[in-house]
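Peer 1: If you're matching them up, the sequences are chains A and B in order.
Per the numbering used here, the first sequence starts with residue 8, numbered consecutively.
Per the numbering used here, the second sequence starts with residue 497, numbered consecutively.
Simulated from the structure, these hints should not be mistaken for laboratory data.
It cannot be assumed that every hint is accurate.
Taking beta-carbon pairs under 7 Å as the criterion, some of the chain A residues facing chain B (in silico) [what the hints assert, rightly or not]:
1) 50
2) 54
3) 95
4) 99
Glycine included, each C-beta is placed from N, C-alpha and C at the ideal position.
Read off the chains here:
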Amino acid sequence: MNCAEESSGEWEVVIGLEVHAQIISDSKLFSFASTKFGVSPNENVSFVDAALPGTLPVINSFCIDQAVKTGLGLNGTVNPVSSFDRKNYFYADLPQGYQISQFYHPIISGGYVDIEDANGGKKRINIDHIHLEQDAGKSIHDQSPAKSFIDLNRSGIALMEIVTKPDMRSAEEVAAFLRKLRSILRYLKTCDGNMDEGSMRADLNISLHRPGTEFGTRTEVKNVNSIKFLTTAVNFEIERQREILESGREIDQETRLFDSATGKTRCMRSKEDAHDYRYFPEPDLPPLILEQSRVDAIRKTIPELPDAKSERLQREYGLPRYDACLIASQKEVADFYEKALDSAGKGADFAKLLSNWITVELFSLFNRYGKTVEESRISPEDMGELAVLIKTDVISGKTAKEVLEFMWKTQKSPSRIVAEKGWEQITSSASIEAALKEVLDEHSDKVAEYKNGKTKLFGFFIGQAMKKTEGKANAQILNDLLRKIIDA
Amino acid sequence: MYNLSLYEIRKGLLRGDFSSVELTECFLERMERFSDLNAFITVCGDHALKSAAESDEKIAEGTAGELEGIPVALKDLFLTKGIRTTAASRMLENFIPPYESTVSRKMLEAGAVFLGKTNMDEFAMGSANITGYYGNAVNPWSRDKKLVPGGSSGGSAAAVAGHLCAAALGSDTGGSVRQPAAFCGIVGLKPTYGRCSRYGMVAFASSLDQAGPMTKTVRDAAILLKIISGRDENDSTSSSEPVPDFESFVGKSPKGLRIGIPKEYRAEGISEEILRFWQKGAEMLKDAGAEIVEVSLPHTKYALPAYYIIAPAEASSNLARYDGVRYGFRAKGFSLNELYENTRADGFGDEVKRRILIGTYVLSAGYYDAYYMRALKVRQLIRKDFESAFKTADVLLTPTTPNSAFPIGEEPKDPVTMYLNDVFTVTANMAGLPGISVPVGLDESGRPLGLQLIAPHFKEDLLIRVGSALEEAAKFPSLKEVARELC
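The following block holds chain A by itself, in its conformation from the complex (with noise of 0.2 Å):
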């Protein structure tokens, strides 16, 4: 879909975008200090990374492996020579006064990531490249009218910018190839993808232009921490820029910082006032050579992605295409589906039902207790369990609510809590037919009614029945019955 098309029929919208991921890693890119987050202020902060004299970068080889890990995951090249450079400007919370980078020859180049488009199909977005960086500190200016306070916890960080090629053509597709790069990211566990902390974080590249000419003049917009804003700034840019270019005037190619209070954006630098970085060569650093053995170890470790992982379960368990990409969108969803399908024997027969179970009642169930699956108070091998209790009439799926529920709370397996409960359901036609054959007695005047043309009366007499056997006979066992007695 292309909102400005929509709009005015005449606009074709072109979004690149610049995402910072920081590398899940225990120590900072170019030093030993400790990533973690939510200390104190400035507690997370060696000698090299408050920039003392005569300190120096030594790489972390774990987020180089990182970064190789994410390169091979989202389809790229692995640079065997790549080095980094420095980009050099002034800020309080950029200690050394250049941050270190890659910028003439990044660890990765190319990949991409496919994701759904608006009729379904599939589309591929590029990745020009991944290069490597280290985190800036962060100036906090609200604590004092006339101070600025410095915490560098987070200066040094290792962050991966994954710098995509103008493939995205309006903000629903932004929106899902950031769903699908996070979802690619925790796979490979190389970030976590957690945006409202500042782990991820994108700027906008968007221009407009008539379809069939050249690319229009593009403004950057940053600062946007969320797909949700992402979805507001890209809309808000298209009006904006729709706006004056329909106006016959002309874009500003210039920084645009994103307000989510008010979901605008405005502008920040314009082009004249751009920094000039300065980039050179870091001398402090040789050029990082990645041995093919070291990559080729890397790439043994990759898991099984989502698009290969719904494929598989779609082929192997024939499960509908909406049901494998939900499932296989989260690794830990997808773990536990495969581990409760396992326990319930594995058939294509239990596939739907547990995909239902779980991504409707156990998915509730999370949200109600604010729990992840991985936090989830039931297992999957008791999941499955109910699943076959389902499926082999043991229970109605009725009486399993009520046993999901159970098993929550009490983290018993659920044959036991139907056992104690004595919920086993009554698949026997004899003892059904006898207790219908009792009801069909009692109210012979409503059978009557019945036969005069009221069959509107069919519930109630499946409502007395199931009354009669405490809620356990069998719907469909039941129901044909009846249909058997009353009809013949």
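Guided by the hints, dock chain B onto chain A, whose structure is given.
Peer 2: Leaving out everything else, chain B in the frame of chain A:
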């Protein structure tokens, strides 16, 4: 005992001729008596006496390290834990480092006694020790006129030449160890880039900086070099190349070695006297059995201009951290930009500002390719020049400087002429090669002259071997004959 070499002091200490405390007291007394030389920015007397006493105990116990009890001085850009380190800048006037530089730590671990921190050009930017915040150091060879000691390690050179310490550590980015060594009549060695860790050394130009020994003899330089060399995990550019026992090459005959004379070094406005000594030096080595060959380093004339692009470029970035925010000097300012401007305007001296401006300019958009990239290409060509020269020669012999020490106040007034002081030394830094300056004689005004040897990467052993032969043959006069009052 103060005029003994480090090697002789070590022997004397181990023999019990004198104690480290006696020696340290003697040097501290001299440092005070000759404070006019302004060789030291910070004297740490109490600290020195305490560690001298500890060394005496270790010597008595028989657990002496290789530098046990030997009083030495450090250029004031090596961070010394708990001892003020200024880089001769107002910017770091009150900076007390919380950690020890790797090279000074190695010296401490070997038992060295630190007497103090020596004067230098501000942030090592200068060739005469006249740009520092603490005033100029004075060359002990001065007679009627006060001479510059050279720079930037001028204080270290003056301290060693004036017998205010047994030896000193300097740093060399474009000649800052070798040039002052030549001016002050001592030995100065710049190791191969990567031979010594730069961790804890205030950075000037990261791709060029190296620590280096400044000593009375070639043997002393060999002893000190071995201590400070080696791979350091804190410096990714340091090398894991094995460290040989450099001292074992002292006195080894240069017989059979080919000594290259780069013909392009003759053309650089060099004084007649220097040319004569250069010739003499070559003859001495020939007499000792070496073969003299002419070599060509065709890109020599581009080395200095390229150096004065690369070094300031790196410096402009390295010195960005001195912003008044976290440590060091801070001027008042009502906005962040004003804080930066005032701090850096008042905290840095003129020469440092000049180089920051040059460096910022050459890295700017639109100029990067024309200046910085081109300078990097020149650097490659210089490396290649040396590679091909070392196919026909084992070691190169050149003058260290185009002239001898000049009187304070009579230094060239325009920076470019001043920069010419480095013309023979920058090439080794640009190519990452080791070089040594050995004193070979006095000019007509009685000022020391030095010759430089340059060897292939990690072949400092050749510098020691040939340098000691040169030293042996040159019989450089003792300072006693010139500046009697100092001795």
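Peer 1: Could you work out which earlier hints the structure fails to respect and list their numbers in ascending sequence?
Peer 2: Structure breaks hint 1 only.
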